[in-house]
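Chemist: The lines below spell out each chain.
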Amino acid sequence: MSAELGTLLAISVMALATVFNRAAGFFLMRLVPITPRVRRVLDALPGALLVALLAPGAVRGDRGMIAGLVAAVLVARFLRSDILAVVAAMVAAAAVRFFWP
Amino acid sequence: MPQTSHSPTTFTLAGTAEGLRAMMPLIPGLFVFAMAFGAAAAQKGLTLVEASLFSAMVFAGLAQMVALEGWTQHWSVTALLTLGLLTMAVNTRHVLMAAALRPWFAPLPAWQSYGALLLLADNNWALAMRYRTQGGSDAGYFVGAGFITWLFWVIGTAAGHVVGGGIPDPKQVGIDVVVPAFFIAILIPNWKGRREAVGWGVAAAVAIGVSFVLPGWWFIVIGALAGALAGGFTDER
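In the order they appear, the protein sequences are chains A and B.
No gaps in the numbering here: position 17 of the first sequence is 17 in this note's numbering, and each next residue is one more.
Convert by adding 101 to the 1-based position in the second sequence; the result is the number in this note's numbering.
Don't read these hints as lab results, they were simulated from the structure.
All C-beta atoms, glycine included, are put in the ideal place defined by N, C-alpha and C.
A few of these clues could be false.
What the hints assert, rightly or not - Looking from chain A toward chain B, a few residues come up when the C-beta cut is under 10 Å (computed):
id: 1; residue: I11
id: 2; residue: A17
id: 3; residue: F27
id: 4; residue: L45
id: 5; residue: A52
id: 6; residue: A55
id: 7; residue: A58
id: 8; residue: G64
id: 9; residue: A95
id: 10; residue: V96
As the list claims (entries may be wrong) - Derived list of chain B stretches under chain A, where covered just means 3 residues or more per stretch with a C-beta under 8 Å from a C-beta of chain A:
id: 11; segment: 118-131
id: 12; segment: 141-150
id: 13; segment: 153-163
id: 14; segment: 241-255
id: 15; segment: 282-288
id: 16; segment: 293-304
Said to hold, decoys possible - Okay, the calculated beta carbon distance ranges per label pair:
id: 17; chain 1: B; residue 1: A211; chain 2: A; residue 2: F98; range: 45 to 55 Å
id: 18; chain 1: A; residue 1: F78; chain 2: B; residue 2: G265; range: 20 to 30 Å
id: 19; chain 1: A; residue 1: R30; chain 2: B; residue 2: Q273; range: 45 to 55 Å
id: 20; chain 1: B; residue 1: A211; chain 2: A; residue 2: R63; range: 42 to 52 Å
id: 21; chain 1: A; residue 1: F99; chain 2: B; residue 2: T113; range: 44 to 54 Å
id: 22; chain 1: A; residue 1: V70; chain 2: B; residue 2: A207; range: 35 to 45 Å
id: 23; chain 1: A; residue 1: F20; chain 2: B; residue 2: P129; range: 23 to 33 Å
id: 24; chain 1: B; residue 1: M166; chain 2: A; residue 2: I66; range: 48 to 58 Å
id: 25; chain 1: B; residue 1: V150; chain 2: A; residue 2: R77; range: 22 to 32 Å
id: 26; chain 1: B; residue 1: Q174; chain 2: A; residue 2: R37; range: 50 to 60 Å
id: 27; chain 1: A; residue 1: V70; chain 2: B; residue 2: M125; range: 32 to 42 Å
id: 28; chain 1: B; residue 1: K145; chain 2: A; residue 2: I66; range: 25 to 35 Å
id: 29; chain 1: A; residue 1: F99; chain 2: B; residue 2: A211; range: 29 to 39 Å
id: 30; chain 1: A; residue 1: L79; chain 2: B; residue 2: P109; range: 16 to 26 Å
Input sequences plus hints: build the corresponding full structure.
Modeler: Okay, structure coming up:
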C-alpha cells in the first residue's frame with residue numbers, strides 16, 4: 001500500500017491536463033455570443049461527436065462488432081431501451097464470435 | 102424554426118437521482134473496462150493505491166489507457182510535459198463537450214458549473230445531452246450520471262488490480278461493443294431528419310478519412326467539428 005513520488009507526479013500532471021480541457025471549452029464559450037446559428041452548431045455537436053467516435057471503429061470492426069452494432073440500432077429504434085440495446089449488442093457480438101470466429 | 106424551449110436551469114437531488122438511474126445500463130460494462138485498466142496498471146507496476154488514485158483523479162479511460170502504454174518508473178521533466186500534452190491531445194474532445202454544455206450550465210454559480218464539469222466523461226455527457234435535447238433542464242442529471250460513472254470507474258480499477266490476470270477477454274463476451282451500443286442507443290432518438298443526415302454523414306466520413314491519415318485520436322475532434330458545422334449550417338425546410 002504505497003505510492004511513489006514520480007508516479008504521483010505523473011498522475012497529477014494528467015489530472016491537471018484533463019481538468020484544463022474540461023474547464024477550457026466551457027470557459028471559452030463565455031466569449032462566444034450564443035446566436036441562433038451558434039446554438040444550432042452546438043445542438044448538432046453531440047450527435048456529430050458520437051458518430052465521429054463510433055465510425056472509424058465500426059468500419060474496422062470484426063463480424064462480431066458489426067453484428068453487435070446492427071443489433072443495437074434495431075433494438076434502439078424499435079424498443080427504445082438503452083439497457084436492451086446494450087444487452088442485445090453484447091449477445092449478438094458474443095454469439096457471432098463464438099459460432100463464426 | 103421550432104426550437105426546443107427549456108425551463109430555467111435547476112440543480113436538484115431528484116434530477117441527480119434520475120441521472121444516476123439512467124446511467125445504470127452501462128455500469129456493468131464500464132466496470133469490466135475499469136477492471137481491464139486496473140489489471141493493466143498492475144502489470145505496469147502501479148500499486149493498488151496508485152492505480153485507484155489514477156482513476157479517481159484523471160477519470161478519462163481513453164487517456165489513461167494510452168498513457169499506460171508508455172508508463173515508466175522514472176519521470177523526467179520532459180517525460181512529464183509530454184504526458185501532459187498527450188493527455189490534452191487525446192482528450193481534446195472534452196473541450197468541445199464542455200462547450201456544448203455552456204447554454205445549459207451558464208446560469209449556475211461557477212462552483213456548481215465547474216464542479217459538475219470535473220465529472221465530464223463521454224458516457225454521462227452523451228446521456229445528459231440526450232436528456233437536454235428532450236427538454237431536460239436539471240443539471241443534477243449530469244452530475245448523478247457522472248458521479249455513478251466515476252464511482253464504478255474507481256472501484257472497478259481497484260477490483261481489476263486485485264484480481265489481476267483472471268479477467269475474461271473483453272472481446273469474447275462482447276464487452277467491447279457495450280460503449281458503442283450505448284452511444285447508438287443515445288443517437289437513435291436524436292434522429293430528426295435532414296440536419297442529422299448531413300451532420301452525422303459528414304462526421305462519419307471525415308472521422309473515417311482522418312483516422313486513415315492522421316495518427317492518434319484527432320479523428321474524433323476533427324470529425325465532430327466538421328459534423329457539427331455541417332449540421333448546424335443545414336437549415337430545415
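Chemist: Any hints from earlier that this structure breaks? Give me their numbers in increasing order, please.
Modeler: 14, 18, 24, 25, 27, 29 and 30
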